[in-house]
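Student: One-letter residues, chain by chain:
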Amino acid sequence: MKAFTVLEGLAAPLDRANVDTDAIIPKQFLKSIKRSGFGPNLFDEWRYLDQGEPGQDCAARPRNPDFVLNKSRYQGAQILLTRDNFGCGSSREHAPWALEDFGIRCLIGPSFADIFFNNCFKNGVLPIVLPAEQVDELFRQCEAEEGYRLRVDLQAQKVIRPDGVEIGFEVDAFRKECLLNGWDDIGLTLLHADEIRAFEAKRRAEHPYYFS
Amino acid sequence: MKPQTLYEKLWTSHLVRQQDDGTALIYIDRHLVHEVTSPQAFEGLKLAGRKPWRVSSIVATADHNTPTDHWEQGIQDPVSRTQVETLDANIRESGALAYFPFKDLRQGIVHVIGPENGATLPGMTVVCGDSHTSTHGALGCLAHGIGTSEVEHVLATQCLLQKKSRTMLIRVDGDLPAGVTAKDIVLAIIGKIGTAGGTGYALEFGGSAIRALSMEGRMTVCNMAIEAGARAGMVAVDETTIEYLRGKPFAPTGEAWDMAVSYWRTLHSDEGAEFDKVVELDASQIEPQVTWGTSPEMVTTINGRVPDPATISDPIKREGLERALKYMGLAPNTPITEIPVDQVFIGSCTNSRIEDLREAAKVAKGRSKANSVKRVLVVPGSGLVKRQAEEEGLHEIFIAAGFEWREPGCSMCLAMNADRLEAGEHCASTSNRNFEGRQGAGGRTHLVSPAMAAAAAVTGHFTDVRKLV
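Chains X and B are the protein sequences, given in the same order.
Under my numbering, the first residue of the first sequence is numbered 1, with each subsequent residue one higher.
Under my numbering, the first residue of the second sequence is numbered 1, with each subsequent residue one higher.
So here's chain X without its partners, still in its complex pose (with noise of 0.2 angstroms):
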């Protein structure tokens, strides 16, 4: 997993409640075996105005001018307000693995779906829970000011505006050293291999039937 450490970028605001992951990368592309290249069809359906099918080259197809992503001034953003429940539906890691191979490392709303939430951290995105109000204020900095970029340090647990503001923000200790150092949790997981065994084992002699 890439390290998370210091990220300057630019921010794009997508202003709407309640992003499923149908919308963030639709079933047909998940029919891939793959983790990578998926970033062309995140928010396909918004995206484009033609109906998306895996394989297709998607520099040829025509896009809707109207959707955030596709305005000039949002090009090569990295950070993506957010508004509720970012995320919800479908337990699919390809959404964060679109919004990652899409170059999107950070979002920030004021609330996301559990799994997806999870999903990020394990992808090298950080998603950020900030209070409704302070999100409002980033989505009209945002809007007003074009090239607007954020500088999110996730040592320090800041979000820093540039009028200078700073916003902390919370995060698990264990999620924030794996996104620091990059780590594998498996790895990690499997340093305590003799507990989960003398847990196993333990389980085994006590419910048999959940073993066979």
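Think of the hints as simulated: they come from the structure by calculation, not from any bench.
As the structure is a computational prediction, the values presented were derived from the model and not from experiment.
In this text, a Cβ means the ideal position worked out from N, Cα and C, and glycines have one as well.
There may be inaccurate statements among the hints.
Facing chain X, a subset of chain B residues (Cβ under 7 angstroms, in silico) [as the list claims (entries may be wrong)]:
1. R17
2. D21
3. Y27
4. D29
5. G145
6. A156
7. C159
8. A196
9. G320
10. T334
11. F435
Which chain X residues face chain B? A few, computed with CB under 7 angstroms, are given here [what the hints assert, rightly or not]:
12. D22
13. I33
14. R35
15. Q51
16. Q56
17. D172
18. G182
19. D194
20. E195
21. F199
22. K202
A few chain X positions that, by computed beta-carbon distances, are all more than 10 angstroms from chain B [unchecked claim]:
23. P40
24. E143
25. R149
26. N181
27. L190
28. A193
We have chain X; now place chain B onto it with these hints.
Tutor: Chain B only, in chain X's frame:
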């Protein structure tokens, strides 16, 4: 000892270790695997030179991509076929407790085959790379969906990294009126608490109306816990649970059965156990539900109307509502009963079990698909459900009514196979998500119960099923 909730009991009994920040390692008893979210996990495992920790925990099937007709022709879509063949190869190499491949008699939707084979048992932790894994909580287990990285983590370590959830009791007391089903209960719950209402919580469904439900009904309710934002939903073990499991292929037998049952009877929240939140519904007040928008919380009763954005003051909510109505092609204040239906889908991990098919057949019997309805798909949840339905003659009722009787699979719930809506079509669907494009680009999904779907099929628009039965 302090009274415990069911969730606390399940959590504590699987806790391997806990770090200072609360991150815990939870032992996983059952790992359900399907073709869409597993290939990258098996590949990751291989690249790291790791082996699955305990293959006897794995039960696998192909369900999302498989066609529901012309099985003799195999899987026509080459991309879908590759994904299913990748699962075949991965399971062949790793091994599993059971694999039900494409065309196997016991193949079916992963959340149908687990319980019906007794591969999901009370007291287990169950995971699957699919958000509707919450279904299995109906059997009194801790079950939730995980991402592909977590699938790999469970394959490699038999554990999941988790933080303890808060607990919410959703108590539904009273008698359900005739014609009102488990699906209506859960849609009413989502309408009340919203699609993010359960975020961060493990839900327990209780109360007399839940206890009165069959296992199939309880699975329908738990299935949609994720639609309320909760990763896990569960129902306490009772005699209904135990009788359901008796004699199932992977359920214990003899002394092991007795031993298991005496443990399972402890799997309920203790008297006086405290929940972080309690939500109450009166079952006698629940009416047949129909969604009108693009999120499951956009729901009303069959006698309701499409809401009017002009009455909403919050600008984000109003814009969301306007966007949803535009997508759905609906005018404000339209009576739900005046929405015409182009297609009907009876199936999915929410509503494709035998009881669901019986409910739909009851309405379809002696009636015919309305001429204005282009297609009615009935897709059983598994080969075993299909066989039982055919033994009961349900398929003949459907066929006589002009419905299509298909092979099992996820089908038009998410339209990864050939079953899908055309842009602009309205569908009465027994599935779980009415998101934009879910059933096909531009398709317009209305979530309903199987009985209500059948009622829409025979009348051509949403109809109060209580007038038909």
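Student: It remains to establish, for every hint, whether it holds in the given structure.
Tutor: Results for each hint:
no., hint, verdict
1, R17, "holds (6 angstroms)"
2, D21, "holds (4 angstroms)"
3, Y27, "holds (6 angstroms)"
4, D29, "holds (5 angstroms)"
5, G145, "holds (4 angstroms)"
6, A156, "holds (5 angstroms)"
7, C159, "holds (6 angstroms)"
8, A196, "holds (4 angstroms)"
9, G320, "holds (5 angstroms)"
10, T334, "violated (22 angstroms)"
11, F435, "holds (5 angstroms)"
12, D22, "holds (5 angstroms)"
13, I33, "holds (4 angstroms)"
14, R35, "holds (5 angstroms)"
15, Q51, "holds (5 angstroms)"
16, Q56, "violated (12 angstroms)"
17, D172, "holds (6 angstroms)"
18, G182, "violated (13 angstroms)"
19, D194, "violated (11 angstroms)"
20, E195, "holds (6 angstroms)"
21, F199, "holds (5 angstroms)"
22, K202, "violated (10 angstroms)"
23, P40, "holds (16 angstroms)"
24, E143, "holds (14 angstroms)"
25, R149, "holds (25 angstroms)"
26, N181, "holds (15 angstroms)"
27, L190, "violated (6 angstroms)"
28, A193, "violated (8 angstroms)"
In summary, the numbered hints that this structure violates are 10, 16, 18, 19, 22, 27 and 28.
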